[in-house]
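Got chain L sorted already, so can you dock chain U onto it with the hints?
Chains L and U, in that order, are what the protein sequence lines are.
With full-length UniProt numbering, the residue at position 14 of the first sequence is 14, and numbering never jumps.
With full-length UniProt numbering, the residue at position 310 of the second sequence is 310, and numbering never jumps.
Since the hints were derived computationally from the structure, they do not count as laboratory data.
Quick caveat: nothing in here was measured; it's all calculated off a predicted structure.
It is possible that some hints are incorrect.
All copies of an identical chain are treated as equivalent in the list; a pair is satisfied when it fits inside any one copy or across any two copies.
[Stated by the list, open to error] Derived DMTMM-like pairs: lysine to aspartate or glutamate, alpha-carbon spacing no greater than 25 Å straight-line:
#1 K304 with D95
#2 K78 with E350
#3 K78 with D235
#4 K179 with D95
#5 K179 with E192
#6 K110 with E143
#7 K304 with E71
#8 K136 with E350
#9 K355 with E71
Protein chains: 2
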Amino acid sequence: MELAFPAQEFEARLTRVQAEMREHQLDALLVTSPPNFRYFSGFDSQFWESPTRPWFFLIPAEGLCTAIVPEIGAPLLKGSWIGDTLSWPAPCPADDGVTLLAGALERLPKRFGRIGMEFGRESAVRMPLNDLFLLKERLTGFELVDGSPCIWNIRAVKSAAEVGYIHQSCTVVCDAFDKLPGYARCGLSEREIGQRLTADIILGGAHSVPFMAAASGWGGYEQIISRPSGRTLNDGDILIIDVGATVNGYFCDFDRNFGFGQVPDAALRANEALWDATDAAIKLAVPGTTTTDLWRCMSGVLEKAGAQGYNVGRLGHGLGLQLTEPPSHMPGDNTVLQEGMVITIEPGMEYAPGKMLVHEENIHITASGPQILTRRAPRELIVIGR
Amino acid sequence: MELAFPAQEFEARLTRVQAEMREHQLDALLVTSPPNFRYFSGFDSQFWESPTRPWFFLIPAEGLCTAIVPEIGAPLLKGSWIGDTLSWPAPCPADDGVTLLAGALERLPKRFGRIGMEFGRESAVRMPLNDLFLLKERLTGFELVDGSPCIWNIRAVKSAAEVGYIHQSCTVVCDAFDKLPGYARCGLSEREIGQRLTADIILGGAHSVPFMAAASGWGGYEQIISRPSGRTLNDGDILIIDVGATVNGYFCDFDRNFGFGQVPDAALRANEALWDATDAAIKLAVPGTTTTDLWRCMSGVLEKAGAQGYNVGRLGHGLGLQLTEPPSHMPGDNTVLQEGMVITIEPGMEYAPGKMLVHEENIHITASGPQILTRRAPRELIVIGR
Numbered sequence: 001m002e003l004a005f006p007a008q009e010f011e012a013r014l015t016r017v018q019a020e021m022r023e024h025q026l027d028a029l030l031v032t033s034p035p036n037f038r039y040f041s042g043f044d045s046q047f048w049e050s051p052t053r054p055w056f057f058l059i060p061a062e063g064l065c066t067a068i069v070p071e072i073g074a075p076l077l078k079g080s081w082i083g084d085t086l087s088w089p090a091p092c093p094a095d096d097g098v099t100l101l102a103g104a105l106e107r108l109p110k111r112f113g114r115i116g117m118e119f120g121r122e123s124a125v126r127m128p129l130n131d132l133f134l135l136k137e138r139l140t141g142f143e144l145v146d147g148s149p150c151i152w153n154i155r156a157v158k159s160a161a162e163v164g165y166i167h168q169s170c171t172v173v174c175d176a177f178d179k180l181p182g183y184a185r186c187g188l189s190e191r192e193i194g195q196r197l198t199a200d201i202i203l204g205g206a207h208s209v210p211f212m213a214a215a216s217g218w219g220g221y222e223q224i225i226s227r228p229s230g231r232t233l234n235d236g237d238i239l240i241i242d243v244g245a246t247v248n249g250y251f252c253d254f255d256r257n258f259g260f261g262q263v264p265d266a267a268l269r270a271n272e273a274l275w276d277a278t279d280a281a282i283k284l285a286v287p288g289t290t291t292t293d294l295w296r297c298m299s300g301v302l303e304k305a306g307a308q309g310y311n312v313g314r315l316g317h318g319l320g321l322q323l324t325e326p327p328s329h330m331p332g333d334n335t336v337l338q339e340g341m342v343i344t345i346e347p348g349m350e351y352a353p354g355k356m357l358v359h360e361e362n363i364h365i366t367a368s369g370p371q372i373l374t375r376r377a378p379r380e381l382i383v384i385g386r
Numbered sequence: 001m002e003l004a005f006p007a008q009e010f011e012a013r014l015t016r017v018q019a020e021m022r023e024h025q026l027d028a029l030l031v032t033s034p035p036n037f038r039y040f041s042g043f044d045s046q047f048w049e050s051p052t053r054p055w056f057f058l059i060p061a062e063g064l065c066t067a068i069v070p071e072i073g074a075p076l077l078k079g080s081w082i083g084d085t086l087s088w089p090a091p092c093p094a095d096d097g098v099t100l101l102a103g104a105l106e107r108l109p110k111r112f113g114r115i116g117m118e119f120g121r122e123s124a125v126r127m128p129l130n131d132l133f134l135l136k137e138r139l140t141g142f143e144l145v146d147g148s149p150c151i152w153n154i155r156a157v158k159s160a161a162e163v164g165y166i167h168q169s170c171t172v173v174c175d176a177f178d179k180l181p182g183y184a185r186c187g188l189s190e191r192e193i194g195q196r197l198t199a200d201i202i203l204g205g206a207h208s209v210p211f212m213a214a215a216s217g218w219g220g221y222e223q224i225i226s227r228p229s230g231r232t233l234n235d236g237d238i239l240i241i242d243v244g245a246t247v248n249g250y251f252c253d254f255d256r257n258f259g260f261g262q263v264p265d266a267a268l269r270a271n272e273a274l275w276d277a278t279d280a281a282i283k284l285a286v287p288g289t290t291t292t293d294l295w296r297c298m299s300g301v302l303e304k305a306g307a308q309g310y311n312v313g314r315l316g317h318g319l320g321l322q323l324t325e326p327p328s329h330m331p332g333d334n335t336v337l338q339e340g341m342v343i344t345i346e347p348g349m350e351y352a353p354g355k356m357l358v359h360e361e362n363i364h365i366t367a368s369g370p371q372i373l374t375r376r377a378p379r380e381l382i383v384i385g386r
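Extracted from the complex, chain L is given alone in its bound form:
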């Protein structure tokens, strides 16, 4: 298996999470989801696309980990830094790893009687719940509890190598966006432009493009979560494309807006207000600021610019091995920014009914000030075919 990091990176993650586990009184963490399996083991596979076989990664309170995986995965994991690899012939609908897993859990020292799983916010368990209920019944002396705070606490702070991959991904996508005004024009569809952009991102060196949302409309758009559609671009339109591409699993997540022809003045002014809101928040993005401070700062600028509403619910978030990770820049979140966090700054607003605009940049929090990982969008909207 080609690992994206040296073994020391994974050993450091293990040390950090085991310290969190002691604080949360967990005897083990049992992870099942692709991003957490990858984060702790280093193991990547596109095989996650197949829902047939569950995969388990067991992190004990002390010592090395155990991967409990279908036979198809065992050759990749054996001989890695992990510790032990157990496997079973899968698929095996009658017992897809449950007995093997229960046995491995029962052999763990029972200090607290608690095993953490991905039960909490922004988490999901990737195994059939029938199997989870069966596992629960089989365990004697262990309770299955929420371990997600442990996981998110350590994932939130990135190593230099992790930031490096996010930065690489941002750069590839910036380069691809730079080419867009060379081919985009009125009469092309969102889908045609998105195809070309995706090909440029892949040929530029990103490993995958799991996320590309696009929307367009006269002077703004109504939503920001659809794939590029067959809608063709017309005079006065603004097109947004929001891209999550990866390098070694690490996402960038930012958007760019492009005007076409005679864009209405109100849209140009709203666009500049969004740039100003982004700018103000970036300046604030230093250790000690809270996510709620960031939200308040952006909201203030947008309200002055005449914001009429917004249905996204937050103005930015963490990112890393997932397109979005905690925290969220919103009222009540109050997460204190720390050195090593990577976040998006993502102000958006409806400046008129049905006319939304959204900006987004990716920022690394450092002791010496915000490091902008994206190449900053220009304040003035790029307009094609004016």
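Same frame as chain L, but now just chain U:
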């Protein structure tokens, strides 16, 4: 929202699933996973990449459905064929849709007192389990039970329009594979070849390439689940690339093998045995044959050719809105093939220690015989730079 099918397609799915639900004594189905949400609602979003917000789709025993979604998604769903759309301002960590969902469930007629969820084989629930446990406590007079057999039963049989999209996806990827011998050569890495192939697939009209596995080695490979790596191709190597690309969400899933330079004779012979196994299974792929018959047929050919083992656990599977879907061609599965099913025929073997070869084609089961959706690989291995 641009739907990939006319409303009648979704109404037909609803009628079929409601009949299954009566048989399984369910008052409702509650789905949370992207493929099932998409299958029943028609709604697609790349927004599933963000784990922050849960989405719910509620199918009652009778009548139209209710989407219960974060505000960010509501504009896309309102006005569609669905029925009702309820939304809440999300993210809202204190109550991310749970109260809204519990209310909608409680208003349902309680005939059986059972609500089906995605608890079974090849299924996962996409919501924090803490929220699921809370929901369970809140419900009076409803049990949450496994509804996945209902769902898989109806998803297994595809409409003509669904088969059309799978066929389109197969064709785009076949066209892209045809170009590969024009640029692949010894000295290039798996990753460089995979990049070019991905770009061709996207520019050829696929909407995404969620799956691309590649492996290579002298005379065969050790595994088939890694992304294309930095390994460069050498004389005597065989390269496999296995692609799952989508058109309107519908996957193709097939591989192609390419030799480089002087490929060992034993590998060429093993390759032809795999072609023969594929051929024999395709001929058998008619209504009434079982998946276990298919497995037995392929195993027989491979054993005669000297198969020494195989860690994949099955020799093909269903496909559709997911890269792999039930059934599995393996001992004990015994699913009877029906008209409208789409399956892969995927024989593989180790013909020598650490030397694996795998073939794969996609087949539509029809009353008038198997329809091959891929363009059949040639029996003789394509060898580049011989």
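Each hint, compared with the structure:
In the homo-oligomer, the alpha carbons of K304 and D95 never lie at most 25 Å apart, since the shortest distance is 60 Å inside one protomer and 30 Å across protomers. When the C-alpha separation of K78 and E350 is checked against a cutoff of 25 Å, the pair qualifies only between copies, where the shortest distance is 18 Å, while the shortest distance within a copy is 53 Å. Taking CA atoms no more than 25 Å apart as the test, K78 paired with D235 passes in neither setting, with 58 Å inside one copy and 27 Å between copies. When the C-alpha separation of K179 and D95 is checked against a cutoff of 25 Å, the pair qualifies neither within a copy, at 52 Å, nor between copies, at 43 Å.
Taking the closest pair of Cα atoms, K179 and E192 come within 25 Å of each other both inside a single copy (14 Å) and across two copies (21 Å). Taking the closest pair of Cα atoms, K110 and E143 come within 25 Å of each other only inside a single copy of the chain (10 Å); across copies the shortest separation is 33 Å, beyond that limit. Taking the shortest alpha-carbon separations for K304 and E71, only the inter-copy value of 24 Å comes in at or below 25 Å, while the best intra-copy value is 59 Å. Proximity of K136 to E350 under the C-alpha cut-off of 25 Å is found in neither arrangement, the shortest distances being 47 Å within a copy and 37 Å between copies.
In this assembly of identical chains, K355 and E71 lie within 25 Å of each other by CA distance solely across copies; the values are 16 Å between and 52 Å within a copy.
Hint compliance for this structure: hints 1, 3, 4, 8 are not met, and every other hint is.
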